[in-house]
Amino acid sequence: MRRFSNISKALCGLAALGLIGTPATAPLEAQSRQGKRPDLVRLPPAHPVNCSIFGYQDRERISVRVPRRGTKGVSPPPPPPVVASSPVSRSISGAPAKSVNRRAAVIRPSGPYPYPYPRPPQSQDREKYAGEAVASIKRVADEPVSTFAVDVDTGSYSNVRRFLNDGKMPPEAAVRTEELINYFRYDYPAPSSRETPFSVSTDLSTTPWNDSSRLLRIGLRGYDVDSSERPRANLVFLVDVSGSMNSKDKLPLVKSTLTALAGELRDDDRVSIVVYSGTVGLLLAPTSNKEHIKEAVDCLYARGSTAGGDALKLAYSTARKNFLKGGINRIIMATDGDFNVGTSNTDELKKIVAKERESGVNLTMLGYGTGNIRDELMEGIANVGNGNYAYIDSAMEAQKVLGDELSSTLFTIAKDVKIQIEFNPAHVKEYRLIGYENRLLAEEDFDNDKIDAGDIGAGHQVTALYEIMPARSSGWLPKRRYAGNRTAQPQPDFDGEMAQIKLRYKLPGGTKSRLIQRQISADGLKNTSAPSGDMAFAVAVAAFGQKLRGDKYLGDYEFRNIQQLSGNGGNFWRQEFRKLNDLARSQS
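In this text, residue positions in the sequence shown follow this note's numbering: the first is 1, and each later residue adds one.
Source of the hints: derived by calculation from the structure; they are not laboratory data. The C-beta atom is built at its ideal place from N, Cα and C for all residues, glycine as well. Just to be clear, a hint being listed does not mean it is correct.
[Claimed, not checked] Simulated pairs of lysine to any residue, SDA-like, Cα-Cα distance not exceeding 25 Å:
1. Lys248 / Gln420
2. Lys128 / Ala354
3. Lys138 / Gly570
4. Lys415 / Ile501
5. Lys506 / Leu324
6. Lys350 / Lys479
7. Lys479 / Ile137
8. Lys290 / Ser228
9. Lys128 / Asn438
10. Lys128 / Pro252
11. Lys321 / Arg270
12. Lys321 / Gly510
13. Lys350 / Asp523
14. Lys325 / Pro508
15. Lys350 / Ile501
16. Lys128 / Arg270
[To be verified] Taking CB as the label site, the calculated pair distances span:
17. Thr528 / Lys248: 33 to 39 Å
18. Lys479 / Glu264: 55 to 61 Å
19. Lys579 / Ala173: 22 to 28 Å
Start from the sequences, fold in the hints, and give me the full structure.
Structure below.
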């Protein structure tokens with residue numbers, strides 16, 4: 001008995017000295033990629049900010065700045081402490097773990113947990129774009145109906161701007177003309193009633209680059225909401241803190257984005273921050289405290305590999321746990337898309353997002369940086385996730401997306417919006433849709449409510465341009481030999497309809513679509529004038545996109561012609577467009 005008493009005394013003495021026990025700071029909540037058994041999952045500390053992920057003590061507010069090359073007097077942040085047990089990190093970062101040192105996991109010092117592996121040096125020019133071919137001419141006699149899903153993404157425009165400002169022409173595959181057009185706002189009327197969430201407008205003009213054809217513009221505008229009108233928001237920011245984000249045009253811009261957003265949120269909104277590199281964790285538990293949000297942003301630190309697939313799963317799980325019925329539930333993912341650990345295949349990630357969107361949580365993608373952008377991944381999963389994709393190339397763009405246009409980014413007013421137009425062969429011989437190549441739908445998909453399509457947020461605008469060839473013109477395509485294969489004879493006058501436009505949409509939370517129909521009179525073809533004012537600017541942007549894409553149907557139309565067509569004046573963004581057009585002209 002005396003021997004056991006001595007052992008008890010010794011154990012008590014060790015405990016008093018702090019040699020036995022758990023760490024004072026609870027480590028990061030980690031998620032196992034093995035799925036079935038979350039090894040060593042830890043709860044976050046009571047304080048919502050867990051900066052110990054990056055090697056800092058909890059509640060210690062440290063601002064981490066990424067030093068510029070050649071900057072004197074600025075030292076990089078100290079590296080996080082060394083991890084005692086590498087087998088634990090491997091088991092959670094996805095690699096097979098034959099054994100786990102449980103004792104080491106218990107007594108390890110407080111610090112980043114699990115600790116990501118150092119990232120090897122990254123090669124440059126690994127950017128990936130999906131690049132669809134320019135849509136071909138359609139003969140109305142063969143394909144009288146054109147169907148596509150709306151697109152409110154703008155990422156392609158700001159990415160093109162980044163290339164031109166860097167003194168380079170963008171790759172043709174990086175240019176999506178519809179995203180360039182939809183970057184700007186036009187003078188469409190607001191909807192007269194919120195029972196129909198958006199207005200529908202049409203315009204006709206001559207084509208500046210083709211005397212024979214005409215341009216048909218279709219414009220949608222969603223109703224606006226004030227910040228006080230929108231529902232409460234449950235937002236989960238999913239931030240890539242891998243080594244590839246460690247440059248001045250990536251993580252510092254992410255921090256600017258989050259700081260700007262914190263000032264725009266209401267007091268009843270809830271924000272969480274999930275971070276990921278080689279591993280995944282909860283940096284900020286759900287909070288409405290803006291100071292806590294800023295505190296979490298201050299300690300963001302980039303290092304390690306990129307486990308984007310597992311990060312998405314934890315973000316969706318966090319959003320579901322804090323789901324606001326009747327509110328806004330959205331993940332906003334900030335990354336360069338360079339996933340290289342775990343699930344990284346675009347199609348596999350789309351499957352994950354397609355399954356998770358059924359919970360009512362939407363996904364917005366924010367792209368950053370240069371050299372290794374996976375544009376095709378970010379744009380693709382944003383489309384599947386009932387969200388939108390924006391590329392952030394500056395603090396001003398961050399303010400535009402998550403400041404000026406916050407309601408549009410967050411609050412969906414119509415989902416699965418599809419447009420279908422049927423041309424009358426008596427008045428239209430041929431047509432082509434400018435842009436939207438990766439948003440085309442089969443004709444039968446229009447009436448199928450199970451087909452996913454684009455969503456429209458409050459105040460969003462959507463613009464589509466068709467170049468059409470009147471029935472009396474010679475057209476693009478050669479005349480066919482056999483009478484049965486030729487187009488219908490044009491009517492001697494311009495009576496009747498030129499085309500019918502149909503739109504399908506669902507209200508948020510709805511499962512059955514609603515239908516809007518508009519007819520376009522053929523008499524507009526009789527005395528069509530040149531584009532002017534707002535229409536002229538939209539056509540100029542469309543020509544700019546086609547020129548960058550090497551669109552053969554643009555003919556000899558040059559950047560100087562685009563400059564003249566775009567007019568003068570306008571807001572900052574329109575004036576900037578003209579400067580970008582000048583840059584493209586000088587660089588081409």
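Results of checking the hints against the structure:
no. : hint                        : in the structure
1   : Lys248 / Gln420             : violated, 44 Å
2   : Lys128 / Ala354             : holds, 22 Å
3   : Lys138 / Gly570             : violated, 35 Å
4   : Lys415 / Ile501             : holds, 18 Å
5   : Lys506 / Leu324             : holds, 20 Å
6   : Lys350 / Lys479             : violated, 43 Å
7   : Lys479 / Ile137             : holds, 14 Å
8   : Lys290 / Ser228             : holds, 17 Å
9   : Lys128 / Asn438             : holds, 15 Å
10  : Lys128 / Pro252             : holds, 23 Å
11  : Lys321 / Arg270             : holds, 12 Å
12  : Lys321 / Gly510             : holds, 22 Å
13  : Lys350 / Asp523             : violated, 45 Å
14  : Lys325 / Pro508             : holds, 12 Å
15  : Lys350 / Ile501             : violated, 31 Å
16  : Lys128 / Arg270             : violated, 34 Å
17  : Thr528 / Lys248: 33 to 39 Å : violated, 49 Å
18  : Lys479 / Glu264: 55 to 61 Å : holds, 59 Å
19  : Lys579 / Ala173: 22 to 28 Å : holds, 24 Å
When the structure is compared with the earlier hints, violations turn up for hints 1, 3, 6, 13, 15, 16, 17 and for no others.
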